[in-house]
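Input sequences plus hints: build the corresponding full structure.
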Amino acid sequence: MSELLFNELPRPTFRWLRVNHTPASLLGESEETKSVLVKGNDAIISELPTGTALINPNYKGANDVALTQLVNSAEGYAVHVPANANEIVGIRIDAGARIASRFQFIVEEGANLEVQFFLDGGLANTTNVQYFNEYDVKANAKVVVKKVNLLDDTIQHIEHRYTKLEDNADVEYINVEIGGKENFLHYEHDLQGQSSKIVHDIAYLGNKEQKFDIAMLMSHGGKKSFSDIHTLGALSDTAKKSFRGTLDFLRGAVASEGAEEDTCLLLDPTVKSISLPLLLCKEDNVVGNHAASAGQIDQNKLFYLMSRGFSEVEAKHIIVESMIRPIIDRIGDEVIEKAALTAVRNKI
Amino acid sequence: MEERKKTQVADMDRGVYDIKNNFEYSYIADAGLTEEIIREIWANKNEPEWMLDFRLKSLEIYNRMEIPNWIPDISGLDMENIYTYVKPKVDMKENWDEVPEDIKSTFDRLGIPEAEKTSLAGVGAQYDSEVVYHSIQEDLVKQGVIYTDIETALHEHEEIVKKYWMTLIPPTDHKWAALHGAVWSGGSFVYVPAGVQVDIPLQSYFRLNAPGAGQFEHTMIIVEEGAKVHFIEGCSAPKYDVSNLHAGAVELFVKDNATLRYSTIENWSKNMYNLNTKRCVVGKGGTIEWVSGSFGSRVSCLYPMSILNGEGAHAEFTGVTFAGEGQFLDTGCKVVHNAPYTTSNVNSKSISKSGGAAIYRGLLKIGPKAEHAKATVSCESLMLDEISQSDTIPAIIVENDNVDLGHEAKIGRISDEAIFYLMTRGISEEEARAMLVRGFVEPISKELPLEYAVEMNNLINLELEGSIG
Chain W
1 MSELLFNELP RPTFRWLRVN HTPASLLGES EETKSVLVKG NDAIISELPT GTALINPNYK
61 GANDVALTQL VNSAEGYAVH VPANANEIVG IRIDAGARIA SRFQFIVEEG ANLEVQFFLD
121 GGLANTTNVQ YFNEYDVKAN AKVVVKKVNL LDDTIQHIEH RYTKLEDNAD VEYINVEIGG
181 KENFLHYEHD LQGQSSKIVH DIAYLGNKEQ KFDIAMLMSH GGKKSFSDIH TLGALSDTAK
241 KSFRGTLDFL RGAVASEGAE EDTCLLLDPT VKSISLPLLL CKEDNVVGNH AASAGQIDQN
301 KLFYLMSRGF SEVEAKHIIV ESMIRPIIDR IGDEVIEKAA LTAVRNKI
Chain Y
1 MEERKKTQVA DMDRGVYDIK NNFEYSYIAD AGLTEEIIRE IWANKNEPEW MLDFRLKSLE
61 IYNRMEIPNW IPDISGLDME NIYTYVKPKV DMKENWDEVP EDIKSTFDRL GIPEAEKTSL
121 AGVGAQYDSE VVYHSIQEDL VKQGVIYTDI ETALHEHEEI VKKYWMTLIP PTDHKWAALH
181 GAVWSGGSFV YVPAGVQVDI PLQSYFRLNA PGAGQFEHTM IIVEEGAKVH FIEGCSAPKY
241 DVSNLHAGAV ELFVKDNATL RYSTIENWSK NMYNLNTKRC VVGKGGTIEW VSGSFGSRVS
301 CLYPMSILNG EGAHAEFTGV TFAGEGQFLD TGCKVVHNAP YTTSNVNSKS ISKSGGAAIY
361 RGLLKIGPKA EHAKATVSCE SLMLDEISQS DTIPAIIVEN DNVDLGHEAK IGRISDEAIF
421 YLMTRGISEE EARAMLVRGF VEPISKELPL EYAVEMNNLI NLELEGSIG
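Protein sequences, first through last, are from chains W and Y. Here the numbering used here is used: position 121 in the first sequence is 121, and no number is missing along the way. Here the numbering used here is used: position 99 in the second sequence is 99, and no number is missing along the way.
In case anyone wonders, no lab produced these hints; they're calculated from the structure. Glycine included, every Cβ here is placed at the ideal spot set by N, Cα and C. Check each hint, because a few of them may be wrong.
[Said to hold, decoys possible] The following label-pair restraints were derived from C-beta to C-beta distances:
# : chain 1 : residue 1 : chain 2 : residue 2 : range
1 : W       : Thr-238   : Y       : Glu-80    : 46 to 52 Å
2 : W       : Thr-126   : Y       : Ser-75    : 16 to 22 Å
3 : Y       : Phe-420   : W       : Pro-269   : 51 to 57 Å
4 : Y       : Ser-75    : W       : Asn-58    : 22 to 28 Å
5 : W       : Glu-3     : Y       : Asp-199   : 53 to 59 Å
6 : Y       : Ser-75    : W       : Thr-68    : 27 to 33 Å
[Unchecked claim] Only some residues are given here: those of chain W computed to face chain Y with a beta carbon under 7 Å:
# : residue
7 : Thr-263
8 : Lys-272
9 : Asn-285
Written out as structure tokens, the structure reads:
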């Protein structure tokens, strides 16, 4: 396939910077094999036929062409959580083959859903893992999604995720992104409901030639809606991170609050960090904040740890791990947490 | 119900800025942009041959370049109807008494001759496409400081001008840089020799009186090693029913250990498309300080850029943008760190009201060689009503690990509690709101020369009048 433009910025800026999007081709062979395991209450899980309509037909994903192709070709899973129910769903993707799949979650009023999303595996040759997650979170429902990406560094990993939040809907997303060769992550969260709330935390750790290309749009339409984006991570070797975060306060989003913070620890002189934290505002009665920071490991922390007998390398390990670990600790599954921590330690 | 007092910007009295003179000129090029017009401008200005080649090449680039896809809507600007060159009815003078009365009155009302007497070391005044007045204090001339209009510099210091001419803003940079290269006229030239400290500011004021005209002044400032200067630029125009265009270029060269402060208040009328480009390159240990106020114009695209090429170079940007009804002010700044131990601070504030849009667009780039670079960016936006727009679009690119970088932005509105508190102290709601807005921009206004700080406060009062509904 020819080159596509991934994660386009909702409001482009200076063209010569070449940051308005990331050009890439879809990698891997064309043959698809399903290697997806979904565990949970069978009564709420069903097949999602190819071509099923999107919750938001205007959602374009990381790339419009790639998403349309996925929707038209991939089967998937529909998860429908009835009103006031409490459910846990586990999804495991083993990238031992090319993956193309969809997951559509409808969480009815007052229900609680936890999703554990785990990705690992890979092939000797480069291949593509692409999937589309949609969450329709009804009034007073609560959703927690914990995702851990430990894919091999041969994988091109593309996630499209769309969330619709009704009144008082409460969503918490946790991403631990450690694997993958090229990661294109596109998240669009539509806070339509009054007092809807979403918190999205992403921890990443990149080395060698890894790329993390993250786009996030928080669209505030509902009154008193609340959003918080927090990305933090570390890069070494020639790893590259692009963060395109947008807080969009639409007219009518009275008394809404949004915040985004991008923190990147740079461990080698050859890394590259791009940060585009946009704040778009058409409503005066809102509070919007964003912050971005990039830098080396704090020399005082390093000095302190070395004064306690750790070598410089050990001290750096401790500092990077201590930064990412609070997010890993929120996964709540001991086996996955241990696997994630091992991956972190192997990488630093 | 009490009738609400609402200000209509179209009816707003902008005081001295809106007083227009009769449209008189000694020469005017045809409207539009053709090779013949470029040749006419060149011949009229008696420029060297290389400048004609430069102008024609720029026109070629202009014709093949696209309008950037990210800028605000400029569909109201029709180049076919813009007069690119309007020569006023007077040549440049060094005595205000020799300047025609109506033009002199314009600058009198703007306070330029008075400021010259009290607080400036040199003054330049441009009217439409040409500089009509220029002066500099004798002691500065003796120290080797050159402050003149760019046309005179092109004749008397051709080698210097040619060496630096559009090297920082090449015509290939963007469509309006190419347009500027083709039709530029007027502007100032400043040369400060090594080690010379110019303690009192120099000021150029650009006034566009002609309806439907463009102003394309070129400002070139070279501050040699260890020298220091403060340059003030003011711009205004009366309001017309037709579109005007401003596509100036400012090229600043700050050498090792030199310091330049560049202060601007842009107060164009609201029929103006302000597509201006400003750029500065800074050598080892040098400093550039931008102080910028953007008030007028229908559309503005203005992002002063600092390129820190020398070790330890420093850039400081302090800017305020105030967008009212019908205005789309897309402003900000760019800083590129190319050398070790470079530092930069950006402090930007914007206010939008009555449906105006204030956009902060910025770039902070720390290149692979800029080890130990330190940079901070702070953007604050204030929205005064629910029909306005305020966006922040920053780009932060870091290409080495040894940096210390922080960026913060906030959007919000005036706190009701603060207004309530001031009203309990006997202050009217309107005045309370104006006080809070003035307080919001105070960190910027205190950096401006006094008369410009007063002008900015007057502009804020003018913009806020009757906005409490």
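Practice prompt. Quick one: which hint numbers does this structure break? Sort them smallest to largest.
Written response: 2, 7
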